[in-house]
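Asker: Residues per chain, in single letters:
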Amino acid sequence: MATAAPLLESRGIGRQHRDRTAWLIRDISFALRSGDGVALTGPTGSGKTVLLRSLAMLDAVDEGEVLWHGTSPTSDEIPVYRSRAIYLPQRPRLFEGTVERNLQLPYSLAVHRHQVYSRENIVSYLDQLGRDEHFLALDSMNLSGGEIQIVALLRAIQLAPTLLLLDEPTGSLDESTTQQIEQLVTHWMSEAVGERGFVWVTHDATQTERVASRTLQLWDGQLVELETHQ
Amino acid sequence: MKSYVELSTLQVTVAALLIIVNAAISLALRLRLERSFLIASVRTVLQLLLIGLVLDWVFQVERTIVVIAILTIMTGIAGYTAFTRTAHAYAGMLVDTMIAVWASSWFVLAFAMFAVLQGARSWHDPQYAVPLLGMILGNTLNGITLGLAGVLDGFQSGRGQVETLLALGATRWEAARETIQKALTTATTPIINSMMVVGLVSLPGMMTGQLLSGVEPIEAVKYQIVIMFLVASATALGSVGVVLMAYRRLFNKHHQFQYDRILKK
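Residue numbers (my numbering), protein chains in the order written: chain D, 186 to 415; chain B, -1 to 263.
It is possible that part of the hints are untrue.
Stretch by stretch, here's where chain D covers chain B in the computed footprint (C-beta under 8 Å, at least three residues) [as the list claims (entries may be wrong)]:
#1 163 to 171
#2 246 to 252
Non-contacting residues of chain D with respect to chain B, defined by C-beta distances greater than 12 Å in every case (computed) [stated by the list, open to error]:
#3 A216
#4 S260
#5 D261
#6 E262
#7 S268
#8 N287
#9 R304
#10 N306
#11 V308
#12 Y310
#13 L314
#14 D317
#15 L328
#16 G356
Pulled a few chain D residues facing chain B out of the computed Cβ check, cut under 10 Å [claimed, not checked]:
#17 R238
#18 M242
#19 L243
#20 Y266
#21 V296
These are computed hints drawn from the structure, not numbers from a lab.
Ideal placement from N, C-alpha and C gives every residue a C-beta, glycine not left out.
Between the sequences and the hints, there should be enough to build the whole structure, so can you do that?
Answerer: Following this line, the structure appears as structure tokens:
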């Protein structure tokens, strides 16, 4: 049986500084196969966010290409690609209104119109976190940092994406919220075993142990694969 | 018999006394405004006298090229002014602003000259074309500036939300629509407001001018209605145009928001 193309492949990606005097990241190549949970580590300023944004095609790359199931998405396909490979920024933004309104928001986009918002689905996620329906009625502007992160993650995983690009989602969260985030991602992975994957930026070695199957380290704009655990 | 009081130089000078009163108050209270008042008054006199002379000449020579030249200068100044009045900018903004001001005002002017004012001697009859374009530009300038400033500020401060939408699979249009909508509301609110209250709380300058020069109120009103429609239409066209051009510059076809292109002035 021929091996299927990787879910996501980065082929020699490079991005320059805005004034084109230096490379922020360069020659980044790696493949992420279905079922892979990749931890991305590296010191502050090593280009982790730049890499994740490039993978999400939120910024144009100066070199190389991103392949999704073996092909590079055309301009028209990029929104669909992003709906399958969702990027979550370090500090996610919520829109005015209740938590539930934020969760319903993606369904107004053309790319998600074939899906419908399911409150039951969300409630079952909340249940796992020890929260109930009342959470949905909260004003998004009054949430804590951890709660914002949870809403942003729920907003993404309810859409059943294939890949999550998580930019340090638990960087500034307390232990119990961190655990809830990890639980949500693990649960989302288990909903379609061996079909999904993630890249998770983290500084926490024990978190890497807990959630990831591989570790990539970004050092001064270059990528190194560390030992594979498990 | 003339139907209005023709002002002599002396009578105009009498009006200047009012400014002297202002200056005296400023001096007495040490407001330090007397210098500004003086400069502003002198500029008012000089600029208006100058344009009076220019118009006098333009009306007399009646040459197409001269009329087009003066319309072009007016439009260029308006476009440049709109360009300078925003807090943010992007590469190519001057061109976009000029196109928006030019296309909207000249289209509406042409429509007015050909379709509305059919009694005019020609499409470039300076008696109509020059003041009409002046009215149109004076008002659309605000709309275009407000629209442009609104959309740039909106994209600049709303980066997080725009990118959140893009990351969830929004097209560039879906991600930008709300900001664009808000900017256009801001741009068109002043003209809509003035259409709402015209005649009730304000008598527009043009209509006042016509009344002072002895035109029948109903005739003056008809002109004013036409002017309001011209201005509203040019404002809408110009602000929609400039906002969409800014959008095209800031979002590429790969549905990427090029935040770096927004520069602080």
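Asker: Could you tell me which of the numbered hints above are not met by this structure, giving the numbers in increasing order?
Answerer: 4, 5, 6, 7 and 8
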